[in-house]
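Chemist: FYI, numbering that gives the first Met the number 0 numbers position 388 of the sequence shown as 387, with every residue one higher than the one before it.
Since the hints were made in silico from the structure, they are not lab data.
Just to be clear, a hint being listed does not mean it is correct.
Derived DSSO-like pairs (lysine-lysine); straight-line CA-CA distance at most 27 Å [to be verified]:
1) 137 x 155
2) 294 x 256
3) 270 x 221
4) 306 x 206
5) 206 x 116
6) 228 x 263
7) 151 x 191
8) 221 x 282
9) 10 x 50
10) 12 x 115
11) 268 x 282
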Amino acid sequence: MNDWSIRNSSKAKRALSHFEKAVQLDEAASGAAHLGIAWCALIIQDENYKKKALESFEKSLKILSNEMAMLNSMQLLLEQKQPTFTDSELYKQLMTKVTILGTYLNSVQGNIGAIKKSLRLIDLIEIKQQSNSNVLEKIEYYYERERNSNKKLEIKMDKQTDYTLILNDLTWREDSGSIDQALITINNAYYKDKLPSSYHGISITLKQAELDRIKAIFNQNKEYLDLTKESAIDKLKSERTMWNKLRITSSYQVDLKIIHSDNKTEEFKNKHMSELITLIEAKTDDTLRFNIIIKDANVNEVNKHFKNTANDSATLQIDFERLDFESIDEKLSSIKAKSINIEMVLTKSTLLPIIDRNKCINTAKVCVTEQKLYEKVNRNELVKRVTELKNDNSYFYIKFESLQTDQIRNIICDCKEMSFNISFIGIDFYNSINGLNGQANFHFNNLNETTSAIITKDLRKENIEFSFEFQCLIDHQVEYIVIHANLDQEDIQISKVKNLMELYTKGSIPTVELNEFTAKGIEYMIEINEKRFFPWRSVIAVAILGSLQIIAGGVLIATRFGSTVGMGLITEGIADMFTAYRALKETIL
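Based on the provided sequences and hints, a complete structural model is requested.
Modeler: This is how it looks when you write it as structure tokens:
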């Protein structure tokens with residue numbers, strides 16, 4: 000399989016028939032066969048090959064996840080039956096199998112993610128206002144939709160409905176200048192007032208972002224903490240420019256704190272880098288630790304905007320998922336926000352007293368499971384629906400919106416064993432730093448054309464991925480943006496093929512377990528990615544330059560007055576033409 004996996008289409012077609020037969024023979028044990036089908040689809044690359052590969056990878060993931068669940072259940076059952084099981088050889092064997100299969104599953108999930116990312120999938124949220132006094136809104140979600148051949152979504156839209164359009168995985172590249180799908184889409188959306196200049200409904204969402212990276216973007220200083228002597232010197236030297244070294248210009252002002260092993264500290268404020276480098280180099284105690292703050296070294300458009308614009312419409316939102324009671328309480332104490340949303344799943348016996356006790360609950364969003372949609376209902380309808388649950392242990396999804404800190408605390412005080420999703424809307428970022436830890440969804444909300452472009456450019460510089468939302472749209476605006484969005488794709492390529500045996504060093508290979516998986520076809524993992532966009536503009540420019548050099552060189556030689564210069568131009572022109580050809584050849588292959 001490894002021999003033909005990268006380019007050989009003819010062998011892939013033959014292998015495909017074998018994989019399809021394997022699926023027909025035993026669907027329940029065909030996880031590896033489905034992966035093989037996806038593999039073949041990526042090599043053959045016929046029509047809709049991405050969709051075919053994605054479907055096969057997802058089937059493989061489902062089947063193999065069932066096998067993983069069986070292994071975990073077996074392990075848990077044996078642990079409960081036999082206390083000494085964790086010291087047995089069987090336990091070690093099961094753990095090895097779980098490790099091998101887990102690695103294989105992670106590979107499959109990574110491939111699914113790579114294909115979905117390349118498809119530029121679209122989400123649409125439909126919000127219908129209701130005339131019924133008890134049901135205020137009906138909200139339906141359409142996830143991971145593709146634009147069809149007519150550049151439209153195959154979703155029937157209503158003129159009386161509001162929509163939120165979400166564009167995922169928009170990319171950018173350099174090709175004689177920056178080409179950013181997000182920026183192009185913004186410009187197209189506002190073109191000829193399709194979205195009015197007053198429109199502030201753009202939202203940029205960073206999904207499960209590391210909040211330390213977000214804090215670094217918002218910090219106008221660069222901070223380096225707990226450095227050794229060598230690291231501190233290297234960091235200061237790397238931050239100096241050539242002009243600083245030559246003392247032609249002054250460096251940034253720097254604060255330095257030196258921490259001794261007995262926790263005594265020395266502090267130096269507003270010093271130059273060269274001065275501090277000399278000071279640190281003179282220290283002989285290797286146990287010292289250094290904190291460095293380089294002032295105004297990280298000023299960007301984002302932190303300038305949010306630090307200096309008090310009355311701007313743009314707001315910040317942060318969502319934390321699956322927090323326990325103690326974590327929620329800590330966030331409520333440390334994050335300052337204009338309002339808070341909270342969602343949870345509670346039993347009837349827990350939820351009814353909460354509603355009865357908290358008169359601030361006027362509306363809530365609930366899930367209508369049989370219709371797979373959500374509704375915003377008033378208090379009377381909420382009480383009615385919870386009361387109608389069959390028994391006290393029946394679970395009920397609920398979301399409360401636009402509440403304050405004390406109101407949230409009153410709601411959650413009687414359900415301390417539950418987990419919650421919580422959203423802080425309109426946060427005061429610089430006064431909430433202590434609560435911004437770990438991972439969370441981070442939103443820049445209520446953006447206009449200018450501010451969305453500013454934020455997009457700075458996020459690109461930091462290589463942070465995001466999704467792009469247009470909120471409060473009507474049907475024809477959705478259609479226009481979808482048609483004119485830049486969602487160009489490149490082909491998927493197999494970048495690496497790896498045998499499961501490569502997970503282990505030579506002396507620690509679990510041969511028995513690997514052979515067992517190999518007998519099921521679980522042997523090779525593949526890594527895939529979307530090909531980089533070919534820089535046509537740059538290559539054409541190089542080719543034209545090469546042609547002009549050759550022509551100019553020929554003219555000079557023909558005049559007999561510049562033969563040496565002419566030959567030099569021809570040589571450079573040929574080299575440029577060869578560079579352009581090589582770039583084109585590598586892309587085609």
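Chemist: Would you check the hint for residue 306 and residue 206, treating anything up to 27 Å between C-alpha atoms as holding?
Modeler: holds, 23 Å
Chemist: Given the hint that residue 221 pairs with residue 282, does the C-alpha gap stay at or below 27 Å?
Modeler: Holds, at about 23 Å.
Chemist: Hint check: residue 270 vs residue 221, CA-CA at most 27 Å. Holds or violated?
Modeler: Cα-Cα ~15 Å, so holds.
Chemist: Compare the distance between the alpha carbons of residue 228 and residue 263 with 27 Å, and conclude whether the hinted pair is satisfied.
Modeler: holds, 16 Å
Chemist: Is residue 151 close enough to residue 191, meaning Cα to Cα at most 27 Å?
Modeler: Roughly 20 Å between the alpha carbons, so the hint for residue 151 and residue 191 holds.
Chemist: For the pair supplied as a hint, residue 12 and residue 115, is the alpha-carbon distance within the 27 Å limit?
Modeler: Answer holds: residue 12 to residue 115 is near 24 Å, not above 27 Å.
Chemist: Given the hinted pair residue 206 and residue 116, is their Cα-Cα distance within 27 Å?
Modeler: It holds: about 14 Å lies between the C-alpha atoms, which stays within 27 Å.
Chemist: Are the Cα atoms of residue 137 and residue 155 separated by 27 Å or less?
Modeler: holds, 16 Å
Chemist: Given the hinted pair residue 10 and residue 50, is their alpha-carbon gap at most 27 Å?
Modeler: Within the cut-off at roughly 21 Å; holds.
Chemist: Has the given pair, residue 268 with residue 282, been kept, meaning a C-alpha gap of at most 27 Å?
Modeler: Within the cut-off at roughly 18 Å; holds.
Chemist: Is it true that the CA of residue 294 sits at most 27 Å from the CA of residue 256?
Modeler: At roughly 14 Å apart (the allowed maximum being 27 Å), residue 256 and residue 294 satisfy the hint.
In terms of the numbered hints stated before, the structure departs from none.
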